[in-house]
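S.K.: Listed below are the residues making up each chain.
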Amino acid sequence: MLDRAQVLHVARLARLELTEVELERMAAELSHVLEHIEKIRELDLDDVPPTSHVVDVVNVLRHDDPEPSLRRETALRPAPEPVDAGGFGVPSPAAA
Amino acid sequence: MTEYEPVIGLEIHVQLKTRTKMFCGCELSFGDSPNIHTCPVCLGLPGALPVVNERAIRFGMMIGLALGCEIAERSLFHRKNYFYPDLPKGYQISQYDVPLCRGGRLGDVRIHRVHLEEDAAKLNHLGASGRIHGSDRSWVDFNRGGTPLVEIVTEPDIHSPEQAREWLSLLRTTLKQIGVSDVNMEEGSLRCDANVSVRPAGSAVLGTKTELKNMNSFRFLERGVRAEIQRQIGLIEAGEAVVQETLHYDPVSGGITPLRSKEEAHDYRYFPEPDLVPLVATDAMLAAAREALPAELPAERAARFERELGLSAGRARDLAFRADLADYFERALAAGAADGGVDPVELSNWIPQLVERIGSDRDPAESNVAPESLAALATMVKAREVSRDAAREVLSRLVADGGDPRAIVAREGLGALSAEDDGLGELVDRAIASDPAAAEQVRAGNLKAIGPLVGYVMRETKGRADGATITRLIRERVRQAG
Amino acid sequence: MNELIELTAAAAAQRVRAREIDPAELFEAYRARAAADDLNAFTWVAPRAPAGEYPGDAPLAGVPLAVKDLFCTEGVPSQAGSRILEGYRPPYTATVVANLQRAGAPLLGKTNQDEFAMGSSNENSAYGPVLNPWDRARVPGGSSGGSAAAVAAGLAPWAIGTDTGGSIRQPAALCGIVGLKPTYGACSRFGMIAFASSLDQAGPLTRDVTDAALLLAHMVGRDRRDSTSLEFPEAIRVPRAEDLSGIRLGVPEELTGAGGGVEPGVRESFEATLARAEGLGASVEPCRLPHAPHALSAYYLIAPAEASANLARFDGVRYGLREDGEAGLVSMYSQTRSHGFGAEVKRRIMLGTYALSSGYYDAYYGTAQKVRTKIAEDFRTAFERFDFIVTPTSPWTAFALGAKTDDPLAMYLNDFCTVPMPLAGIPAISIPSGLSDGLPVGFQLAGPAFSENRLLDAAHALERAIGFDGSPARRSGESAARG
Ligand SMILES: [Zn+2]
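Protein chains in written order, with the numbering used here: chain F, 1 to 96; chain U, 1001 to 1482; chain Y, 2001 to 2483.
No lab work stands behind these hints, which were simulated from the structure alone. Predicted, not measured: the structure shown is a model, and the values here were computed from it. Among the hints, a few may not be true.
[To be verified] Quick list of the computed label-pair ranges, beta carbon to beta carbon:
(1) U:D1097 - F:E38: 23 to 29 Å
(2) U:N1184 - F:E42: 52 to 58 Å
(3) U:G1031 - F:D46: 52 to 58 Å
(4) Y:A2363 - F:E67: 39 to 45 Å
(5) Y:T2381 - U:E1073: 24 to 30 Å
(6) U:S1029 - Y:A2400: 55 to 61 Å
(7) F:V57 - U:N1349: 57 to 63 Å
(8) F:D47 - U:T1282: 23 to 29 Å
[What the hints assert, rightly or not] Every beta carbon over 10 Å from chain U, so not counted as near; a handful from chain Y, in silico:
(9) E2028
(10) P2047
(11) G2128
Cβ coordinates follow ideal geometry from the N, Cα and C atoms, glycine included.
Just need the whole structure built from these sequences, with the hints factored in.
M.R.: Here it is in structure tokens:
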């Protein structure tokens, strides 16, 4: 059901790079799983509302009161590329 | 030659002036040292969960009410998925198909929707500094990440760059007055994108639109939109198609360039945010939002100025869309009323004069000119106690040193010369004598010829004489002479 | 065997409070066993007992706690079983863990799990698989496999895990212990590294039902940091019921019939348990959950979809693994994620991304949410006639390591009986109902939202009647500790 091009497209959206072998395998496995899942599309669900939350509450709000932030050292401790300016280094998005 | 009509819609992002971020308790900041306002939530640490800021919701509702929107009884937050270093969770929490507010109108532009979301962090570019290999570097400061944002989307009801600018100014004043944002374009608390298309005038079909991103001043908005309209007309005239794309306007070069998209394949995969529960606009919340609104918003104020004070629509808007001007105007009006009454239209004529002298960015309330002084000046002009030219001179002195206009007029002898003043009659005679040809033409009924004669008297009186009086005197004397 | 290890957690707590046991000694007894773990159940063990006074009068009395890796614990490795969080030590502690620590349960160690809780065998862990103490050639179930194995083998008195589609109940069943998935919202999710946010719930894995109640009592409660958490409407009580008189049990044909692929040995144990329940005064009748057979499909759309977004934050920018940082941004992202995530996680991210993608949302994710509505309705209808719905927890007993790793769908089918409950947000408990070929079988009871007290009572009565003996697994743990 899922072809190579679709798998590649989805992998790109998900920022995953798949090897040739993984790609083939993924297409086959996902197709197999989807084939099983497809059955729900046969149900008559026209007038059924979707459920995204099972908890029946609304308006859970927080007062606009400040709370302590992390110290910068703490925030940056696990950073793969801390920079001197006090930030998280990354490759520039503009670079190819 | 085909005439083209531009069709413009605006998308405005407004940073809300809450104390803390949209979904966590970190304080909002501007210009602070990097990454000192972060926590597990706004850094997108594993396991952290968002909780909605109550005040941000109230501010959102206030904006919706101020813009005459319908506030959704129930609205949802969604996740908008894309990867970018300034987006710590890999998705932005935003509203999608059930936003907080729909519909509405501000001035002559309809509002499509208003929704709440969180701001991205700040990505700073470092260049290739200090690295021998590898790509250019950037770095992320998460202080701004998670700031509450309201996105306002208009219908495509705007038809000129000037109108876009004027309307954005109205929106800015409105938001400022309701106190929900600093609405400072330079600091990024007000950001504007424009959807622009053109079509042959009279056509009902919309042309292909482009999205012009992030114009960070009113001037750049007007210029950018104008440049884009010209570009599109140029393409159409050359027989080329306008391509739907996102563009960047460079205010320095005036050029327009396509923007690299954040996700080459635009597929944001919106779905309801499972970490948050629905938002229901209760009567109590709506009442609180309504109560927090000022009694009168700029668009209503302009309408009142027009309706009750007889100001022209343009003048009414010029004043009302700048709250400081409108406030000053109304204070002067009140002072004038206490002083025996001032003509509102005459008074309103003097506000632009004042602005011109103090600089367009300044609040006249902070100038040397007290509102009652401006009212007194307008009253004197209306009563012809001082000529317009002399009044302009008085205003300049007020701006420079303050004081009472009546005292200045008296001290400087700037009061209008009356017709009974012999000196004035003598001056009129001299004017006629200096230009007999013009006098002859006036006598023959050519009133246009009177200009040089009036000008002569004005010059000689240094503007103190009233133009209407001079005209009357000239015509009398010319007739007598004939 | 150290006699301390033979005590249930509740019994140990009672002896500590009676000053018959020194809590430091108790901690050290377990710490030594956990440190010598050769089931690969632990990913980190506390180097020493926590400093300071033991809260002898605290309700949990210093009885040490094993915690699934995905709960954030300040300064202690918390990787959710993934390479992408290699070396990550969070700056804060999950609410549930903090609640339990405050109630007097010190952190003994972190337990192995399927990566990001995705799996039913604990074979998808970056730390390698966990072995089942009943048979070391077999899986302990998953994803809370480390917690289940540690409790079963007596390497920990009790543990917490998380359940998204069965990740507490299924490993509890396969390891012969008790596992409870509470009502959605009963326990805070703050600090739990998310798999599927609308389904994830923390819960206890314990030696018996009483221990489960005691631990749960200190886990529940509204947390202002989790918008979906709720105040539990009543206190969690120590279960005392000894019979099931007046209790109506419904047996859903859709889950227990031929479609579920229940093994004969499991079916036998299930039916024996139903007979026992009748003996205790319960009525047992068939019931209908018409949409339950579709729960698995809905689950395998909703959970991966949410996961695809939840796992987007692992991008090599702020923490964890980074690969290819010298190349461009896009390359850094995809290299980091491709190397950091295991095969199953990638599969689910792909599935979830696809289910949400433009043009497929309505057909997949949207449809799954509607099925979810129907499943919740089915349960509501069923609970008008029945107190609890009962099924085997897992259609199979523990299977051999590697037996299902090549067939994702077969692995997913393991969750057939456990996924409907989280989709409806209702609580369910698995208790050991006996052995089949020497391997434990789990019996599942599900009740309406916030029926935990009644559920625990019923499970307690059944547990007494069944009289399951878990000591063989603890002896296996003993040999582990010696080896
Ligand atoms: Zn924060």
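S.K.: If a hint holds in the structure, say so; if it does not, say that too.
M.R.: Taking the hints in turn, this is what the structure says about them:
no., hint, verdict
1, U:D1097 - F:E38: 23 to 29 Å, "25 Å, holds"
2, U:N1184 - F:E42: 52 to 58 Å, "56 Å, holds"
3, U:G1031 - F:D46: 52 to 58 Å, "54 Å, holds"
4, Y:A2363 - F:E67: 39 to 45 Å, "42 Å, holds"
5, Y:T2381 - U:E1073: 24 to 30 Å, "28 Å, holds"
6, U:S1029 - Y:A2400: 55 to 61 Å, "57 Å, holds"
7, F:V57 - U:N1349: 57 to 63 Å, "59 Å, holds"
8, F:D47 - U:T1282: 23 to 29 Å, "28 Å, holds"
9, E2028, "30 Å, holds"
10, P2047, "23 Å, holds"
11, G2128, "21 Å, holds"
When each numbered hint is compared with the structure, no violation occurs for any of them.
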